[in-house]
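Can you build the whole structure from these sequences, using the hints too?
2 protein chains.
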Amino acid sequence: MATLINNLCVIGTGLIGGSFCLALKEAGACKKIVGAGRSEATLKKAQQLNIIDSYETEITNAVKDADLIFVSVPLGAMESVFEKISAGLKLAANKKAVVTDAGSSKQRVQQLAEQIFADDATGFNSSRFVAGHPIAGTENSGPDAAFAELYKDRRVILTPTAKTDHAAIKLVKEIWQITGATVETMDAAHHDIVLAATSHLPHVLAFGLVHCLENMEDIEDVFRFAAGGFRDVTRIASSDPVMWRDICLNNRQPILDMMRRYKDELDMLYNALEASDGEKLIEVFQHAKQTRDKFTH
Amino acid sequence: MATLINNLCVIGTGLIGGSFCLALKEAGACKKIVGAGRSEATLKKAQQLNIIDSYETEITNAVKDADLIFVSVPLGAMESVFEKISAGLKLAANKKAVVTDAGSSKQRVQQLAEQIFADDATGFNSSRFVAGHPIAGTENSGPDAAFAELYKDRRVILTPTAKTDHAAIKLVKEIWQITGATVETMDAAHHDIVLAATSHLPHVLAFGLVHCLENMEDIEDVFRFAAGGFRDVTRIASSDPVMWRDICLNNRQPILDMMRRYKDELDMLYNALEASDGEKLIEVFQHAKQTRDKFTH
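Just so you know, the protein sequences line up as chains A and B, in that order.
Just so you know, the first sequence maps onto residues 1 to 297 in the working numbering.
Just so you know, the second sequence maps onto residues 1001 to 1297 in the working numbering.
Errors might be hidden in some of the hints.
Cβ-Cβ distance ranges computed for the label pairs, FRET-style [unchecked claim]:
| hint | chain 1 | residue 1 | chain 2 | residue 2 | range |
| --- | --- | --- | --- | --- | --- |
| 1 | B | Glu-1279 | A | Asn-271 | 28 to 38 Å |
| 2 | B | Gln-1290 | A | Ala-189 | 32 to 42 Å |
| 3 | B | Gln-1111 | A | Gly-76 | 47 to 57 Å |
| 4 | B | Gly-1142 | A | Ser-54 | 57 to 67 Å |
| 5 | A | Asp-187 | B | Asp-1187 | 48 to 58 Å |
| 6 | B | Phe-1147 | A | Lys-163 | 54 to 64 Å |
| 7 | A | Met-186 | B | Ser-1039 | 42 to 52 Å |
| 8 | B | Met-1268 | A | Gln-290 | 25 to 35 Å |
| 9 | B | Glu-1274 | A | Met-268 | 19 to 29 Å |
| 10 | A | Thr-57 | B | Gln-1253 | 57 to 67 Å |
| 11 | A | Met-186 | B | Gln-1111 | 48 to 58 Å |
| 12 | A | His-166 | B | Gln-1290 | 44 to 54 Å |
| 13 | A | Asp-187 | B | Glu-1274 | 23 to 33 Å |
| 14 | B | Ala-1275 | A | Lys-170 | 40 to 50 Å |
Distance condition first, Cα-Cα at most 20 Å in a straight line; then the derived SDA-like pairs of lysine to any residue [claimed, not checked]:
| hint | chain 1 | residue 1 | chain 2 | residue 2 |
| --- | --- | --- | --- | --- |
| 15 | A | Lys-280 | B | Arg-1252 |
| 16 | A | Lys-294 | B | Ala-1145 |
| 17 | B | Lys-1025 | B | Gly-1180 |
Hint data in this document are derived by calculation from the structure and do not stem from the laboratory.
Don't be surprised by glycine CBs; every beta carbon is placed ideally from N, CA and C.
This is how it looks when you write it as structure tokens:
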């Protein structure tokens, strides 16, 4: 295919950023990929794995020649990374750079972008920031976990605002499509509610399940006799704790709303079981099964 | 191998009973397998699938010539099935029949066995009942879901009492080993706590998760954007509702205890997030990840 991007800068070369690079390399979509990030060891590893062509430890330097800047760092690092990008773009030759991210909460990231990428003399502003979120991942992290097929047949949600530049949206959409993903656009607030329900709440529940069993006397037996169901339910409790702390803090209100909803559900189930109300239990279980079967076929 | 059982009677020929038969057939461990159960359609299906050699719709008739009787029916049907077995064994030629089951709660089943298989003139009593529970299954049910490898490398827990006949325990242990399972013995009360933690609580949580999302306005989007994590966490919400109602009702107290423990955990996490207490969140997530990683390697 024709090269879409001359110079791609990827900040954060772990599972998400690394897989993005590998997919684009496989497709020949970029002339050059420069990695940047906090840890030089991670960047070296990413270079060894042929995820990036070169790296810079200073983000300010890394972004200077970039046409597209992809930010795939934990949400807690987003603010300081955006500040460094802004500083770097002030020195940039290319005033048309586009910035996008892969953060799991979108209202907070958009707010940061508008605050930090303010209109200024440099010519770069938040209209060329396109907030994005690939609905893909595994419980593993780091460059070693990256693979080119991560985004194949997965969905990527973009949450541009009315002010976002159309050419910037088009570019980010095209680059994601090259990775094999389907791209959809929605409102950031809607995104945050949907993700709180389908991803953030389940992660909190899984972490909580493993944690609440930890102090049982019979913990060795508990895990020795755990069958496939337990392993599936708790798989995501092996996810990166820093990343998930950041997601919780950055999508706090929608997650709190979902947790309250879930706590009400558990209270209802607890009361039904305490009252030995088999009819109520079977009603809930049947509905749940029907819904799940319907949506997974 | 040498034939271990002349006449096996399996009551309930779904996933659990059917897979038991298929594994034993593959090993040539039984001369004859007779199926029994409530639904003739299921029994016919099981015969077509070569799970059983023949069937009887009357349990009383089915057990008369049996050496080993395997009861794999939902817990709610256990009492009436035990009564029919007891009636059938009164007419039996073989006074040495052994009865075992595959129910997911063991205190309640043992209690039923002692109550129904009372000492009487027939010579059969609860000392030849060996309570058992294979830690295996899938979210599917019925004879179609059965497969010979279900128990391979899985654990089976037997919970005999001080009064249980040693030869009966030995026979049940051997037959399970033929299916490829590892057999362990423990106290019924301990079993019920461990299973409430590793299996019953996770199922209730998964049913509850799907059910609490059902009434969201955005339910279509919720499931459209659900990634692998959500699918894993909710896989067991596709399990059989009747079976799970019965498990809840028959292991009620240990499950209520675990639910209370989990509700406390969720309250703690909710309060931490409401207070934006990132340190508390990361402490919980890190502990959970360490525990899960440790026990799954």
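Hints, verified against the model:
Distance hint check: the CB atoms of Glu-1279 of chain B and Asn-271 of chain A are about 34 Å apart, consistent with the given range 28 to 38 Å. For the pair Gln-1290 of chain B and Ala-189 of chain A, the supplied restraint of 32 to 42 Å holds, since their beta-carbon distance comes to about 35 Å. Checked against the hint of 47 to 57 Å, the pair Gln-1111 of chain B and Gly-76 of chain A passes, with Cβ atoms roughly 53 Å apart. Gly-1142 of chain B and Ser-54 of chain A have their C-beta atoms about 58 Å apart, which keeps the hinted 57 to 67 Å range intact.
Asp-187 of chain A and Asp-1187 of chain B have their C-beta atoms about 56 Å apart, which keeps the hinted 48 to 58 Å range intact. Under the hint 54 to 64 Å, the C-beta atoms of Phe-1147 of chain B and Lys-163 of chain A, about 57 Å apart, fit the expected range. Restraint check, Met-186 of chain A to Ser-1039 of chain B: a C-beta distance of roughly 47 Å satisfies the suggested window 42 to 52 Å. In this structure the supplied range 25 to 35 Å holds for Met-1268 of chain B paired with Gln-290 of chain A, their Cβ-Cβ distance being about 33 Å.
In this structure, Glu-1274 of chain B and Met-268 of chain A meet the distance hint of 19 to 29 Å, their C-beta atoms being roughly 22 Å apart. The beta-carbon spacing between Thr-57 of chain A and Gln-1253 of chain B, approximately 58 Å, falls within the hinted interval of 57 to 67 Å. Taking the beta carbon of each, Met-186 of chain A and Gln-1111 of chain B are about 55 Å apart, inside 48 to 58 Å as hinted. Checked against the hint of 44 to 54 Å, the C-beta distance between His-166 of chain A and Gln-1290 of chain B comes to roughly 47 Å, which is consistent with it.
Take Asp-187 of chain A and Glu-1274 of chain B: their Cβ atoms lie about 25 Å apart, and the range 23 to 33 Å holds. In this structure, Ala-1275 of chain B and Lys-170 of chain A meet the distance hint of 40 to 50 Å, their C-beta atoms being roughly 42 Å apart. Our distance criterion of 20 Å between C-alpha atoms is met by Lys-280 of chain A and Arg-1252 of chain B, whose separation comes to about 14 Å. Taken as a hint, the Lys-294 of chain A and Ala-1145 of chain B pair is honoured in the structure, with Cα atoms around 19 Å apart against an allowance of 20 Å.
With a CA separation close to 13 Å, the supplied pair Lys-1025 of chain B and Gly-1180 of chain B stays within the 20 Å bound.
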